[in-house]
Amino acid sequence: MTADLFLFVSENVALSLLAVAVLIVLVRLFRGPTLPDRILSLDMLTTLAISLIGVLTLRLGVDLLLDIALALCLVGFVATVALARYALLRKAGQAVAAESGGNG
Amino acid sequence: MISSVFQYVAGSLLILGTCFSLLAALGLLRFPDLYTRLHAATKAGTVGAGFVLLAIAFASFDLSVSLRALGGVAFIILTSPIAAHLLARAAYLSGERPSNITVVNELENEKQG
Numbered sequence: 000m001t002a003d004l005f006l007f008v009s010e011n012v013a014l015s016l017l018a019v020a021v022l023i024v025l026v027r028l029f030r031g032p033t034l035p036d037r038i039l040s041l042d043m044l045t046t047l048a049i050s051l052i053g054v055l056t057l058r059l060g061v062d063l064l065l066d067i068a069l070a071l072c073l074v075g076f077v078a079t080v081a082l083a084r085y086a087l088l089r090k091a092g093q094a095v096a097a098e099s100g101g102n103g
Numbered sequence: 000m001i002s003s004v005f006q007y008v009a010g011s012l013l014i015l016g017t018c019f020s021l022l023a024a025l026g027l028l029r030f031p032d033l034y035t036r037l038h039a040a041t042k043a044g045t046v047g048a049g050f051v052l053l054a055i056a057f058a059s060f061d062l063s064v065s066l067r068a069l070g071g072v073a074f075i076i077l078t079s080p081i082a083a084h085l086l087a088r089a090a091y092l093s094g095e096r097p098s099n100i101t102v103v104n105e106l107e108n109e110k111q112g
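Residue numbers (numbering that gives the first Met the number 0), protein chains in the order written: chain E, 0 to 103; chain G, 0 to 112.
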């Protein structure tokens, strides 16, 4: 019974710590200052959401939530890769635009 | 008996993992440039989410759930460094420079994209 209580208290502590972490990451997301910083903040938010859903899986006893966390892993990875490509190509696009603007 | 041991392990893993996540978030807020922030966010963030999933593997007394959680851990360990590497490379090639206190810069002579 005490093990149940320990797990219960740990879940509460974990949820509180994750809430503070999400708030701190949101501060960085708003402050920026550059696009890669914001991409990194979004990636970190996805990781924190995976942790939150994991803790809720234990708390609510709904095993299906774990599948949602795993799907979020996949989506978060693809989103980060796509946004990194965007950061790279956006810079190249700007360079091309500046060059053609300088010529014309 | 063994189940209560597993529950103690799971609770400890939960607290440890979320502490790592909180430290990663603090590093994301306090470090001076993107590359140090990446260092904090990916390493500690991976361990944070990985430990929470490990805690699920310990605390849910169901083989299918435990195996799925372990698969999630493996996936995070495989993909998180790739995403961090891609993001750092994209940032460097798009002109983001390390902060002044950075000592080693092995990409210094890399062609700009």
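Take the hints with a grain of salt, since some may be wrong.
[As the list claims (entries may be wrong)] Examples of chain G residues lying across from chain E (beta carbon under 10 Å, computed):
#, residue
1, 48
2, 50
3, 74
4, 97
5, 99
6, 104
7, 105
[What the hints assert, rightly or not] What the simulated footprint calls covered on chain E by chain G, stretch by stretch (three residues with Cβ under 8 Å from a Cβ of chain G suffice, anywhere in the stretch; the number is not a length):
#, stretch
8, 17-24
9, 27-35
10, 52-65
[Claimed, not checked] Covered stretches of chain E (in silico footprint by chain G; criterion: 3 or more residues with CB under 8 Å from a CB of chain G, positions within the stretch not fixed):
#, stretch
11, 2-13
12, 40-48
13, 85-98
No wet-lab data here; the hints were simulated from the structure. Idealized CB from N, CA, C, for every residue including glycine.
Do the hints match the structure? See the list:
Among the interface hints, the one on residue 48 of chain G holds; its C-beta lies about 5 Å from the nearest C-beta in chain E, closer than the 10 Å criterion. Using the Cβ-Cβ criterion of 10 Å, the hint placing residue 50 of chain G at the interface with chain E is satisfied: the shortest such distance is roughly 9 Å. Hint on residue 74 of chain G holds. Least Cβ distance to chain E is approximately 5 Å, under the 10 Å limit. For residue 97 of chain G, the interface hint is violated, the least distance from its beta-carbon to any beta-carbon of chain E being 12 Å, above 10 Å.
Annotation: interface hint on residue 99 of chain G violated; nearest CB of chain E at approximately 16 Å, more than 10 Å. Taken as an interface hint, residue 104 of chain G does not check out: its beta carbon lies about 17 Å from the nearest beta carbon of chain E, beyond 10 Å. A distance limit of 10 Å between C-beta atoms decides the matter here; for residue 105 of chain G the minimum to chain E is near 19 Å, and the interface restraint is violated. With 6 residues having a beta carbon nearer than 8 Å to a beta carbon of chain G, the stretch 17-24 of chain E meets the requirement of three or more and the stated coverage holds.
Counting residues of the stretch 27-35 of chain E whose CB lies closer than 8 Å to any CB of chain G gives 3, so the stated coverage by that chain holds, three being the minimum. Check on the stretch 52-65 of chain E: 6 of its residues sit with their Cβ under 8 Å from a Cβ of chain G, so the three-residue criterion for coverage holds. Counting residues of the stretch 2-13 of chain E whose C-beta lies closer than 8 Å to any C-beta of chain G gives 9; at least three are required, and the coverage claim holds. For a cut-off of 8 Å, the count of residues in the stretch 40-48 of chain E with a CB near a CB of chain G stands at 5, and the three-residue condition holds.
Counting residues of the stretch 85-98 of chain E whose CB lies closer than 8 Å to any CB of chain G gives 5, so the stated coverage by that chain holds, three being the minimum.
Hints 4, 5, 6 and 7, counting from the list given before, are not met by this structure.
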